[in-house]
Amino acid sequence: DAMVIQNPRYQVTQFGKPVTLSCSQTLNHNVMYWYQQKSSQAPKLLFHYYDKDFNNEADTPDNFQSRRPNTSFCFLDIRSPGLGDAAMYLCATSRTSGTERSQPQHFGDGTRLSIL
Amino acid sequence: AQSVTQPDIHITVSEGASLELRCNYSYGATPYLFWYVQSPGQGLQLLLKYFSGDTLVQGIKGFEAEFKRSQSSFNLRKPSVHWSDAAEYFCAVAPPGTYKYIFGTGTRLKVLA
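Chains as they are written, first to last, in the numbering used here: chain Z, 1 to 116; chain X, 1001 to 1113.
Be a bit skeptical, because a hint or two may be false.
[Stated by the list, open to error] Here chain X is said to cover these stretches of chain Z; the calculated rule only asks that three of the stretch's residues, wherever they fall, bring their Cβ under 8 Å from a Cβ of chain X:
1. 42–54
2. 104–114
[Stated by the list, open to error] With beta-carbon atoms standing in for the labels, derived distance ranges:
3. X:Glu1064 <-> Z:Asn63: 35 to 45 Å
4. Z:Tyr50 <-> X:Ser1052: 41 to 51 Å
5. Z:Tyr50 <-> X:Gln1002: 13 to 23 Å
6. Z:Tyr10 <-> X:Lys1110: 19 to 29 Å
7. Z:Glu57 <-> X:Gln1071: 22 to 32 Å
8. Z:Ser80 <-> X:Ala1017: 23 to 33 Å
These aren't lab readings, by the way, just hints derived from the structure by calculation.
Note that the Cβ used here is the ideal one computed from N, Cα and C, for glycine as well.
With the hints as extra help, turn the sequences into a complete structure.
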């Protein structure tokens, strides 16, 4: 089945130690999103790639970066994780073309990040 | 201001009872509308979507939702809840002219045996 796969499912890192989360998709969708979700809250969009174009949300901290080396893969880099960055990180994809609004977003199962 | 509201933070129902989860939005034109479900420790799964046409939308797992333009609402319903439906439910909209979602704050459903 076509899907969105996130690795690892659980990640533990130390305060201030860089960490990378990965997302891959077999849906061939042109848009990929990264969300941060804290307990009992809605997902919060950090940034997204529309094809190769990176789009940052205005309130996303500089500590968060992303890379999309090809259509299938997208990475979330946290340069110096703080305790407040402990959360579930969700990757999603969608297909969008031109002025049409997108088809639904498809989500991965997330990576739960813990900071020691 | 543009927003999506899910008025109920928590809802508890007995197994076999009917369910209605509320979602209201405030946009000038009708956005694309979605309902997602999230089980603990999992990602979001699409239950159903509304783009246009028939205002009663059927989804997976026996869920349906009705779009009411006059009330700016897109409420989710299920006639008979199963214990496995216990989860968090999110309403999301894609406003006109954008493909990004605005999420509601979610409703946590608890099902009593």
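A quick look at each hint next to the structure:
Counting residues of the segment 42–54 of chain Z whose CB lies closer than 8 Å to any CB of chain X gives 4, so the stated coverage by that chain holds, three being the minimum. Under the rule that three or more residues need a Cβ within less than 8 Å of chain X, the assignment of the segment 104–114 of chain Z holds, with 8 such residues. Taking the beta carbon of each, Glu1064 of chain X and Asn63 of chain Z are about 42 Å apart, inside 35 to 45 Å as hinted. Roughly 23 Å separates the CB atoms of Tyr50 of chain Z and Ser1052 of chain X, a value that falls outside the hinted 41 to 51 Å.
Our hint of 13 to 23 Å for Tyr50 of chain Z and Gln1002 of chain X holds, since their Cβ atoms are close to 21 Å apart. Between Tyr10 of chain Z and Lys1110 of chain X, the C-beta spacing of about 26 Å keeps the proposed range 19 to 29 Å intact. Under the hint 22 to 32 Å, the C-beta atoms of Glu57 of chain Z and Gln1071 of chain X, about 30 Å apart, fit the expected range. Between Ser80 of chain Z and Ala1017 of chain X the C-beta distance comes to about 49 Å, which lies outside the given range of 23 to 33 Å.
Checked against the numbered hints above, the structure breaks hints 4 and 8 and satisfies the rest.
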